[in-house]
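**Q** By numbering that gives the first Met the number 0, the letter at position 229 of the sequence shown is numbered 228, and the numbering carries on one by one without gaps.
The set of hints was computed from the structure by calculation and includes no laboratory data.
Worth double-checking, as some hints may not be accurate.
[Said to hold, decoys possible] Below, simulated DSS-like cross-link-like pairs (lysine-lysine); rule was C-alpha separation at most 25 Å, straight line:
| # | residue 1 | residue 2 |
| --- | --- | --- |
| 1 | Lys215 | Lys18 |
| 2 | Lys178 | Lys241 |
| 3 | Lys150 | Lys45 |
| 4 | Lys106 | Lys133 |
| 5 | Lys215 | Lys244 |
| 6 | Lys133 | Lys117 |
| 7 | Lys284 | Lys244 |
| 8 | Lys245 | Lys284 |
| 9 | Lys74 | Lys126 |
| 10 | Lys215 | Lys245 |
| 11 | Lys241 | Lys45 |
| 12 | Lys245 | Lys180 |
| 13 | Lys230 | Lys275 |
| 14 | Lys245 | Lys230 |
| 15 | Lys106 | Lys150 |
| 16 | Lys284 | Lys230 |
| 17 | Lys180 | Lys215 |
| 18 | Lys150 | Lys178 |
| 19 | Lys298 | Lys18 |
| 20 | Lys244 | Lys275 |
| 21 | Lys117 | Lys106 |
| 22 | Lys215 | Lys230 |
| 23 | Lys126 | Lys150 |
| 24 | Lys298 | Lys275 |
| 25 | Lys266 | Lys244 |
| 26 | Lys230 | Lys244 |
| 27 | Lys117 | Lys150 |
[Unchecked claim] FRET-style restraints, in silico, Cβ to Cβ:
| # | residue 1 | residue 2 | range |
| --- | --- | --- | --- |
| 28 | Asn250 | Lys298 | 24 to 32 Å |
| 29 | Asp88 | Pro122 | 14 to 22 Å |
| 30 | Gly23 | Phe97 | 29 to 37 Å |
| 31 | Lys275 | Glu81 | 54 to 62 Å |
| 32 | Asn250 | Gly23 | 44 to 52 Å |
| 33 | Gln190 | Lys230 | 40 to 48 Å |
Only a predicted model underlies this, so the values are computations on that prediction, with no experimental measurement involved.
Yeah, the Cβ is synthetic: ideal placement off N, Cα and C, and Gly gets one too.
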Amino acid sequence: MSIIADNVSKVYGTQYALKNVSFGINEGEIVGLLGPNGAGKSTIMKIITCFIPPTSGNVTVYGNSIFDNPLAIRKLIGYLPEQNPLYTDMYVREFLRFVAGLHSLDKISHRVEEIIEKTGLKPEADKHIGQLSKGYRQRVGLAQALIHDPKILILDEPTTGLDPNQLTEIRSLIREVGKTKIVILSTHIMQEVEAVCSRAIIINHGHIVADGSTEKLHSLKTNRYHVEFDKAAPADELRLLKDIKKISVQNPTRFLIEADGDTDIRKPLFDWAVSKGLTILTIQKDEQSMENVFQELTKA
Numbered sequence: 000m001s002i003i004a005d006n007v008s009k010v011y012g013t014q015y016a017l018k019n020v021s022f023g024i025n026e027g028e029i030v031g032l033l034g035p036n037g038a039g040k041s042t043i044m045k046i047i048t049c050f051i052p053p054t055s056g057n058v059t060v061y062g063n064s065i066f067d068n069p070l071a072i073r074k075l076i077g078y079l080p081e082q083n084p085l086y087t088d089m090y091v092r093e094f095l096r097f098v099a100g101l102h103s104l105d106k107i108s109h110r111v112e113e114i115i116e117k118t119g120l121k122p123e124a125d126k127h128i129g130q131l132s133k134g135y136r137q138r139v140g141l142a143q144a145l146i147h148d149p150k151i152l153i154l155d156e157p158t159t160g161l162d163p164n165q166l167t168e169i170r171s172l173i174r175e176v177g178k179t180k181i182v183i184l185s186t187h188i189m190q191e192v193e194a195v196c197s198r199a200i201i202i203n204h205g206h207i208v209a210d211g212s213t214e215k216l217h218s219l220k221t222n223r224y225h226v227e228f229d230k231a232a233p234a235d236e237l238r239l240l241k242d243i244k245k246i247s248v249q250n251p252t253r254f255l256i257e258a259d260g261d262t263d264i265r266k267p268l269f270d271w272a273v274s275k276g277l278t279i280l281t282i283q284k285d286e287q288s289m290e291n292v293f294q295e296l297t298k299a
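Please build the complete structure, drawing on both the sequences and the hints.
**A** As structure tokens, this is what we get:
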């Protein structure tokens, strides 16, 4: 694992912002860090970037402990904060040369042109940053975060305020960068996770409540079916059917049925209906969005 968080806790006064959080991230993963406001997302990012220390536990980044080698870790990280801080009175090239100089890079002009090409800034490279659209300003922010070729890219709400075309462009750029780097993406937008991330870590009240691939998170969705019979069905008998977890009676002929796990109850349900002299008029599996999954996992 390139990033390892081991039983990390952070306490402010008597309140836990994080409590015994552990996870590992490998190179080439784009990880969505999700959670409601105050869940602990920012605290995790601040600890990884060595901005604040944990109260207990440790984080290692490419073998470097946050306690022993914080400067080495910072050199490995590129960071784009939510409020993308740019010098708007500077030209794009001028700003990127300035940032490259802060990193003491060799062949600064060559690297600046390379990153301008990579982030699609060439059409706007000779403009003041203050003249750029929100989408191009985000590209400048990504360019400054990538200028020193970091192994890890941390993005805090990188697509907030972008129009649909800009969203597509920035997402494509993030996916391309994520092929060779670790990308940690903090966002409140569930569609962002489905469009960009290969994995999601959902945190709530300082605890990790889910961690896995986006496909795995889809399997956490409630397994529900909307069913309508041709006449009144005996609800008490329906509740006894194997693998049915819960039913909600909407009227004598319509039910919302929740099944255990990822069990498909459609065939057993048809067989049961036949045995009871009933005909199923409609049966529709309830497809929930990632937003529904998030809401279910982060309920107070």
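**Q** Take the hints in turn and mark each one as holding or not.
**A** Going down the list of hints, with the structure as the test:
no. : hint                          : verdict
1   : Lys215 <-> Lys18              : 24 Å, holds
2   : Lys178 <-> Lys241             : 45 Å, violated
3   : Lys150 <-> Lys45              : 17 Å, holds
4   : Lys106 <-> Lys133             : 29 Å, violated
5   : Lys215 <-> Lys244             : 21 Å, holds
6   : Lys133 <-> Lys117             : 18 Å, holds
7   : Lys284 <-> Lys244             : 15 Å, holds
8   : Lys245 <-> Lys284             : 15 Å, holds
9   : Lys74 <-> Lys126              : 29 Å, violated
10  : Lys215 <-> Lys245             : 23 Å, holds
11  : Lys241 <-> Lys45              : 48 Å, violated
12  : Lys245 <-> Lys180             : 44 Å, violated
13  : Lys230 <-> Lys275             : 11 Å, holds
14  : Lys245 <-> Lys230             : 20 Å, holds
15  : Lys106 <-> Lys150             : 20 Å, holds
16  : Lys284 <-> Lys230             : 20 Å, holds
17  : Lys180 <-> Lys215             : 22 Å, holds
18  : Lys150 <-> Lys178             : 11 Å, holds
19  : Lys298 <-> Lys18              : 18 Å, holds
20  : Lys244 <-> Lys275             : 20 Å, holds
21  : Lys117 <-> Lys106             : 17 Å, holds
22  : Lys215 <-> Lys230             : 38 Å, violated
23  : Lys126 <-> Lys150             : 29 Å, violated
24  : Lys298 <-> Lys275             : 39 Å, violated
25  : Lys266 <-> Lys244             : 16 Å, holds
26  : Lys230 <-> Lys244             : 23 Å, holds
27  : Lys117 <-> Lys150             : 16 Å, holds
28  : Asn250 <-> Lys298: 24 to 32 Å : 28 Å, holds
29  : Asp88 <-> Pro122: 14 to 22 Å  : 20 Å, holds
30  : Gly23 <-> Phe97: 29 to 37 Å   : 35 Å, holds
31  : Lys275 <-> Glu81: 54 to 62 Å  : 56 Å, holds
32  : Asn250 <-> Gly23: 44 to 52 Å  : 50 Å, holds
33  : Gln190 <-> Lys230: 40 to 48 Å : 41 Å, holds
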